[in-house]
Each structure stands twice: as structure tokens, then as C-alpha cells.
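Number of protein chains: 2
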Amino acid sequence: MAKSLKGSYQQLMERSKRLTVLKTAAGIIQWDMETKMPPKGVEQRSEQLSLLDLIAHREIVDPEIGALLDSIEKDRKYESLDELQKRNVHLYRKMYNEEAKLPDELVAATSKQATICVNVWKRAKAAKDFNMFRPELAKMIELREKAADIMMEVKGTKTPYDALLDAFEPGITADKISDIFGGMRKGLMGVMKKIEASGVKPDSELLTRRVKIDAQRKIGQMAMDFVKYDTTSKEAGGRLDETEHPFSTGYFDDVRITTHYHEDRWTSSLFSVLHESGHALYEQDIDQDWKWQPVGNACSYGIHESQSRFVENIVGRSPEFLEFMLPQLRKVCGPALKGVRLDRFVTAVNQVEASKIRIEADEVTYGLHIIIRFEIERDLFAGKVKVNELPQVWNEKYDKYLGVEIENDSEGVMQDTHWAGGSFGYFPSYALGNIYGGMFLRKMEKDVPEWREEVRKGNYVPVGTWLKDNVHSKGNMYDPADLVKHVTGKNVEIEPFIAYLKGKMGKIYGF
Amino acid sequence: MAKSLKGSYQQLMERSKRLTVLKTAAGIIQWDMETKMPPKGVEQRSEQLSLLDLIAHREIVDPEIGALLDSIEKDRKYESLDELQKRNVHLYRKMYNEEAKLPDELVAATSKQATICVNVWKRAKAAKDFNMFRPELAKMIELREKAADIMMEVKGTKTPYDALLDAFEPGITADKISDIFGGMRKGLMGVMKKIEASGVKPDSELLTRRVKIDAQRKIGQMAMDFVKYDTTSKEAGGRLDETEHPFSTGYFDDVRITTHYHEDRWTSSLFSVLHESGHALYEQDIDQDWKWQPVGNACSYGIHESQSRFVENIVGRSPEFLEFMLPQLRKVCGPALKGVRLDRFVTAVNQVEASKIRIEADEVTYGLHIIIRFEIERDLFAGKVKVNELPQVWNEKYDKYLGVEIENDSEGVMQDTHWAGGSFGYFPSYALGNIYGGMFLRKMEKDVPEWREEVRKGNYVPVGTWLKDNVHSKGNMYDPADLVKHVTGKNVEIEPFIAYLKGKMGKIYGF
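Sequences listed follow chains A and B, in order. Quick note on numbering: the working numbering labels position 329 of the first sequence as 387, and the sequence is numbered without any gaps. Quick note on numbering: the working numbering labels position 102 of the second sequence as 160, and the sequence is numbered without any gaps.
Quick caveat, the hints were computed from the structure, so don't treat them as lab data. It is possible that some hints are incorrect.
No distinction is drawn between identical chains; accordingly, a pair holds when it is met within one copy or between any pair of copies.
[Claimed, not checked] Quick list of in silico lysine-lysine cross-link-like pairs, DSSO-like style, CA-CA up to 30 Å:
hint : residue 1 : residue 2
1    : LYS292    : LYS270
2    : LYS286    : LYS94
3    : LYS286    : LYS396
4    : LYS501    : LYS61
5    : LYS98     : LYS292
6    : LYS197    : LYS292
7    : LYS180    : LYS252
8    : LYS526    : LYS61
9    : LYS515    : LYS442
10   : LYS526    : LYS98
11   : LYS216    : LYS458
12   : LYS98     : LYS234
13   : LYS565    : LYS252
On a predicted model such as this, the values are computed, not experimentally measured, just so you know.
Next comes chain A alone, as it looks inside the complex (with noise of 0.2 Å):
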């Protein structure tokens, strides 16, 4: 006897629970890793983290879901789902099509390189040597080709990087993204010229000034409280510790995020908890009746990212946030902000340089890093860059598009951990996040307009109920350019990002 579309959907989503259960279990074992594990536990962890990876792989490439799928699709009455039922079921739909493609070596094995190349990473490193790196680079990049080619012919993309790419941003190709990323360059690069133009100088030194450890913890919490990102009471669903980058992680009522502090740039911390807090908010404010389902995701990383730049940049760095803070930072900061004018901190914590760090790049040449890294790998699984060239052509991108000199790799091509990790494809979503946010920037300027008033009160509601109404809850329920279409009506564009660049920097560089 057929089973009925109402039963196959309910057992269905039993099985979304029972994935999404194993997968947060696979996070908190993740985030142990990265946070408390003791360094001998590294193999063991690689283990665990691998078998986990493997059982759901296994959950989701039961054959018993393809049937479950094919029933629903196939039911006469599949039209009287309603849209968020169907959306579950397409999302779930991908995830087979993808994974069951997906040999469980390669999985498996590609999980278990992931622990490895990022532990050999950071003692290359540290040691500033790229050849100790680049053959368990080697090995990764090979994997991810391996994957890259299934994952092409599955989803039907042109190029194996497109099928990458897919997996952070669903839909988006490389052609699309050279096309906005063209803009994004002529509109940075214009943005940066009239900054240099300015002559103005900001007075970068003062936040180098000495900030203890203990003051930024509190900075930290003054951070936590105003976006109501709780960790301290009896209901919080959340908590901050320390890791040498910055992360977020988790689901629902348990979102964890982390900083680092640095006594001689003490800002720093400030802005990480920030911008972790934006992501940390996201996953909370998913609408709850969709917890265990594929709508109860977030919709992308560049949708995730545009969230936490939204907090960091966009609220953070406002000149409104800053006269909110800076009475309770020099409270809390003692010699550090001793004379310091709003205007000249504003200002200090705005500037624009090229630099070599993509981690602490300003919100203007933010998005050259990324168009370098996304040449990069674009080329890379073209085969036109090979990993041993990695350093070189890095470098030169450095000196083409941001003007600086690389002088060792450590500054360089390595970075950043996420090619250790196997994370190719993700980068864009960093910048394509920049770009989202200046659209729901100017859609919330008319809903809200009394925003930044507010925000200069220390009220963070207004903005955090707007974006909790208009992106978070909405979960998985679009994909990203018809979320950002269906809150700004817009398809996505390059043009409000630099003109929020423009208005603000104009009025701290006077142009």
C-alpha cells in the first residue's frame, strides 16, 4: 500500500531531525576541538569527527530518504503542500542529489585531511614555512577536485569551482561573481582614492595604547548586552571563549562564539564580538517551529556574513554606537582613551589602508582581499594556477590590487585557515555579504529611520527586531538573491554597499 504524502513528509522530516541532531553533536565536538581540547587529543578528535561525518553522510544518502523523496514529488496531491513543506522538500531533495554522489571515502578521507592540514597549518604558520604546508595542501586540493567534478555533473553547473561555490551560496556562479566583483573593484578602488585624497590622517596610534585583558572582557559584555546576545543568565543560549581566530558556532538555544584578545589592540575584541554576536543572533532567531527542518538553517554564507557585518560595520563602527560607547569605554579602558575626542575615535576606528591581513582589513579594502582569494581559486581549479605557485601568485595579487608587499608567507598565502580546512568557494560569500548588507542597510533606512537615533540612545532594538523580521526568521526559506529580492525587491546590486561607503567615510574624511 502507498504510503500517504502527509506520512512520507512526517517521516521525512523525522529524518531531517535525526541528521540535524547528529550534525550538532559533530559542532560541539568541533568547537571542544577548537576551544578546550587538550593538544594530544588532535588524532582522537580527527577520529570522532570523521565517524561522525560518516554516519550522517550515511543518514542522508539512505536510500530509504531517495524513496521518501521520490513519493512526495511523485504524489498527485504534491501541490497541496504548502510553501514551506515544498521548500523542505527541495532542500532536502539537493542535499541527497549532492551527497549520495558523494563516495563515502571521499568523505571520509577528506574530513579526516581537513583535521590534519589544519593542524600541520598552524605549525607552518608559525614556523613561516609554506613547504612544510604545501603538500598536505596538495592532498586537500586534490579532494576537493575530486568532490568539485562529482558535485558539477549533479548540479549541472558549468565549471567544478561553480559547483563550490554553490555550496556556500546556492546559485551564484563564478561569472556572476566576476560580474559584481567588477563593480565592487571600480567602486572600491574610487571610495579609496578619495580617502587618499583627503589627506586626512587618522590617529591610528591610540588604539594601539595597552588595554588589559580583563577591561576588553568587560568591553566584550558591554558589546553581548546591547545587541542582547546572552550568555550570562539563567536562560542564555549562548557563551564566548577565547580562540586565536575568532568563530561562531551552533544551533538555536546553544550558539557559541569566541574572540581574541590583544593587549595592544584592543578594539579588536570589541569588533570580533560584534560581528560573532551578529552571527550568533541569526541562528537564534530562526523561527523556533522550524527547528530539525532544512528551513530552520540559515539561508547562506553570504546571507550569514552580511549579518555579522551588519553588527560589526554597519551598527559598530556607526559614529551613533561609538558617542553611545564611549563614556562607558573609558570608564572601563582607563589611560587608553584618556583625551580622546568621539571624532578622532570615530575616525581611528574608520580607517582606511591597504594592508595584508584580510582579518583586519577596513570595511573599504575588505573586498580586495576577497576578489584576490577568489582569483586565486577560481584559477586554481581551472588549473591554471598550481600550489606550488600559490605564494607567488599571491603575492603578486598583493602588490597589484592592494599595493603591498608580502614578505613571508605567513602574512601571505597562509593566512587564513580555510583552504586547510577544504573550504574552497568560500571567500566570495565574505564580500558578497558586504554587498547584501548595504541592501538591507538602505530597505531598513526607510522601514526604520529613527535607527541610528536609537542606536546613539543605546537602543539596538529597532535594528535587531528589523533584521530578526526581515532576514533571520525567514531561515532556509529562499535562497540568497530571492531573500535579498524579497526584502528589498531588488536583484542584487553593488551600487548601495558603496554608497554606504561613500555617505560614511565622506563625512569622517570630508569628501
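With the hints as your guide, set chain B onto chain A.
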């Protein structure tokens, strides 16, 4: 074609690895729940743990495991397996038979009832209301009786309670325990009487002097440094965190402990760090070649407890260790140790006094707390005591064995969480740990007569090496009584433990 013996054995070991990796993954998640999880994450967490439990259960009872075991055991070359391989097969067979015979519904119902029962226990304990706890406890006992009946068949034990005991202390029976505990009671009572008659009154006030948490952290670090439990180096395989109740957890290269700092009971953290380090070193010292195999686990709960108590009591409460530590403790303790001479300190941390609460009991009276629980459990599962009689029976025994009057059930029958969680048969392991420890000590005194002098000089290596070589490294090669025989040449006997207590307390209390 029939599988080769070697091939089947190899396959069994691969399954063992898979199962062990799963269990260690669940262990990390459990650790996270106890130490780091934001409060809101608890529901999500219980989904993760119960799914991992289910996956592990299915992994164990997979019919393929049964087939593998059959093919190995029935192979005509079975005798060509070495002792280690036979032990691995034996341990896997035992686990398979036990787990395969327990109906899924009973396992699920017990796990669910444990959660309910522990929660009700917490509330009932806070309310000092046994009647609130009783119905849930009765259900739990009923479920454990069902399991015990099945296990009795599988294990071929004389009584259902023996089957429960075997889960914690393989091979032991209630009759053997009664016999050993009979001697223990007599011996402990004898020591107690002499202490009471001595007229010496330890100055326990000095242990209630306030010592700041930060100072206690340094003391904990000294304790870990002393026993060489590494939580700080780049090769560390351990870590220390804070929880309400101290515990240890982990496997080989990642074994973690926790403690609790009481400002007004500062030696509590010192001794709990020593205790948990004793557990942790055991796990870390098991023969590395046995990783992922059944033999690559601790022998039993009792042997585990013998190791933690050895470090905490035999070493940690020895005059020699305290002599070594005192000057260092003075440096961090501030006024709390001002004017405190060594003998006064040694006497205070070795105070013997009948009390109501097991976890606060001293080395002498501890065993009496355990005898009470053992007798009650044994009679409960023999139908001689009913659930509603528990408080009365408990209080009578506390009066009889310890001479203390229980005023309410929260300090009486509801003080421990074990029964609420369904752990019947667990308690005897604690006292057996003391007894095994006494036997190990006697043998170590012969092998390493200089151990006390070395400890006095701050050198734990002779003790640590002896424990590693004789106990830790042996993993689960033997059942506990066989391990004890292997190490000491003797059957389990009470005399060495009592002699140890008499010797130590005699010096302190002057008898």
C-alpha cells in the same frame, strides 16, 4: 567461503574502534553538558546524547557482530589466538550477549525514567520529601528488576542483584561482598574505637579558614604537577574545569577532570584534584597499543576507584606528602596556614568522625556508609525490603553502624543520586576500591620500600611508575579479582587495608 580467523578478528577490532570512537564522542558531549553548555541548550543536548546512545547500541547488537563472534569462537584454529586476542573476543562477546538480550523498549524506558527520576530526586531532596520521590524510585527499581532478571539468565548469576553487581565489578557476587564487608566492618569499627579512645581531637577549624579561589587554583596546579597529570604543556592530554560535583572523563590522550572550589573548605579542592587525577592517570596510562580494543579500557569501577583513592588518600593524605606540600601551601594560602604546624595539619586532614554524608566521610568511616547501601540494595532486590520502608531501614542502619541520627531523608536515603539514576550495584565498588588499594599498597611497599621518602622529597615517580606498570597499563586484561591476584598474588582480602589504616591512624592518634 568461510572467513579466515585473522580476518574475522581484524573485523571485530574495527567494529570495536568504531564503537569506541562513538562512545568517546558522546563522552565529550556529556563533558560539555556538565561544564560549558549554556543552560538553554539542555533539551537539544538530550536529543544528541540519546541519539548517540541509540547508534552505539545498534552498533553493538548488529547481527553481524554476533556472526563475527560465532565465526571466531567456532573456528578450529581459535586456540591459536593469543591471550590478548582471546580476552578481546571474550569482552566483546560478553557485551554483545548482555546488550542484545535487553529489549530496546526496556533500555529506552529505563533511560527515560532515569531522567525523570533524577529530576524528581533533585526536587524531593530540596523539599526533604521522600514521598515525592518514592513513586518514581519504585518505577525505576521495577525497571532495573526486569533488567536484572534478564541479565541473571545471560550471565548465569545466582541472583538478579549479582547480575547488577557484575556490571560494575565483573565476577563479583553479593556473597563474596558480604564476606569481605563483614571483615571490613569489624576492622573499621576496631580502628574507630581506638581513635575515639585516644582522646585526640583534630583541629578541623583550620580547614574552614577562607582561602581564595585563585589560591586554590594554584594549589590544584601543584597537585597536578606533583602526580604529573599534564594540563598545561604543548603535549598535554588533560584539563581541569569547575563543576558542582568533581568528576573525570576521557580516553587515552584526552582525559579531563573537574573540581569544585569551596572558599570555606579549601582542602576539598586539593583532595578532589588528587582523586580525579588518580582516575585520569589510569585512563592515560593504559597500554597505547590497546587503543580502540576492548582490553584498552579500565578493569572495573572498583579498580578505578582504587586508583583515585590511592592518589587522594594513601599518597595525598600521607604525612610525607603533606610535609612536602606544606611550605608551598603556606606561600599561596595566606593567613589560613599561619602558625599551623605539620602535625596539626596532618591530623586535621585525617580527622575520623562518624557522619551522615557519604561523600564527606573519612577513610575509616567511609566503608560503613557503603555497607549500609550494599545491604539495602541486596535486600531490596531480594524482595526483603520495600521501597516505602527505605527511609526507616536507612536510618536504623545509620544509627547501628555509625551511631548518627538522621533527621530528614535529604541527609538520609536521598543523599545520593545513584539510585535515582538506576545505578544499583555501583556503591560496593567504592569500598572495594579502598580494599584493592590496601592490597596494592602492601605489594608496593615491598617493591618500592623508599616510596614514602621519595614522596617526602616531592618525587611521585616511584609511586606513579609502580601504579602504571602494575595496574594502569594492564587495562582490561583481567577481571578485577584476577588483576588483584596477578599483582599481589593474593585473593581479595581486607587485612592490608585495615593494617594500613591502623598504621597511619595509630601514628596520628597515638595508639
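Q.
At most 30 Å between CA atoms: does that hold for LYS526 and LYS61 within a copy, between copies, both, or neither?
A. neither (38 Å within a copy, 60 Å between copies)
Q) When no copy is named, should LYS526 and LYS98 be tagged within, between, both, or neither for a Cα gap of at most 30 Å? A) Between copies, since 19 Å is at most 30 Å while 41 Å is not.
(Q) Cα distance capped at 30 Å. Does LYS286 pair with LYS396 within a copy, between copies, both, or neither? (A) Within one copy only: 28 Å inside, 47 Å across.
Q: Go through the copies and call it for LYS565 and LYS252: within, between, both or neither, with a Cα cutoff of 30 Å.
A: within (12 Å within a copy, 86 Å between copies)
Q: Indicate which option fits the pair LYS98, LYS292 if close means a Cα-Cα distance not exceeding 30 Å: within, between, both or neither.
A: Only across copies: LYS98 and LYS292 sit 8 Å apart there, 33 Å inside one copy, limit 30 Å.
(Q) I want to check one pair: LYS515 and LYS442. Are their C-alpha atoms no more than 30 Å apart within a copy, between two copies, both, or neither? (A) neither (53 Å within a copy, 66 Å between copies)
Q. Using 30 Å as the alpha-carbon threshold, which applies to LYS216 and LYS458: within, between, both, or neither?
A. Within. Shortest intra-copy distance 29 Å satisfies the 30 Å Cα cut-off; inter-copy 83 Å does not.
Q: Could you place LYS286 and LYS94 in one of the four classes (within, between, both, neither) given a Cα distance threshold of 30 Å?
A: So LYS286 and LYS94 pass the 30 Å test inside a copy (25 Å) and across (20 Å) alike.
**Q.** Homomeric proximity label, LYS292 with LYS270: Cα distance no greater than 30 Å
**A.** both (28 Å within a copy, 25 Å between copies)
Q | Intra- versus inter-subunit Cα pairing at 30 Å for LYS98 with LYS234 | A | neither (44 Å within a copy, 41 Å between copies)
(Q) Treating 30 Å as the Cα threshold, decide for LYS180 and LYS252: within, between, both or neither. (A) neither (38 Å within a copy, 62 Å between copies)
Q. For the identical chains here, do LYS501 and LYS61 meet the 30 Å Cα criterion within one copy, between copies, both, or neither?
A. neither (45 Å within a copy, 68 Å between copies)
This entry does not satisfy hints 4, 7, 8, 9, 12, going by the numbered hints stated previously.
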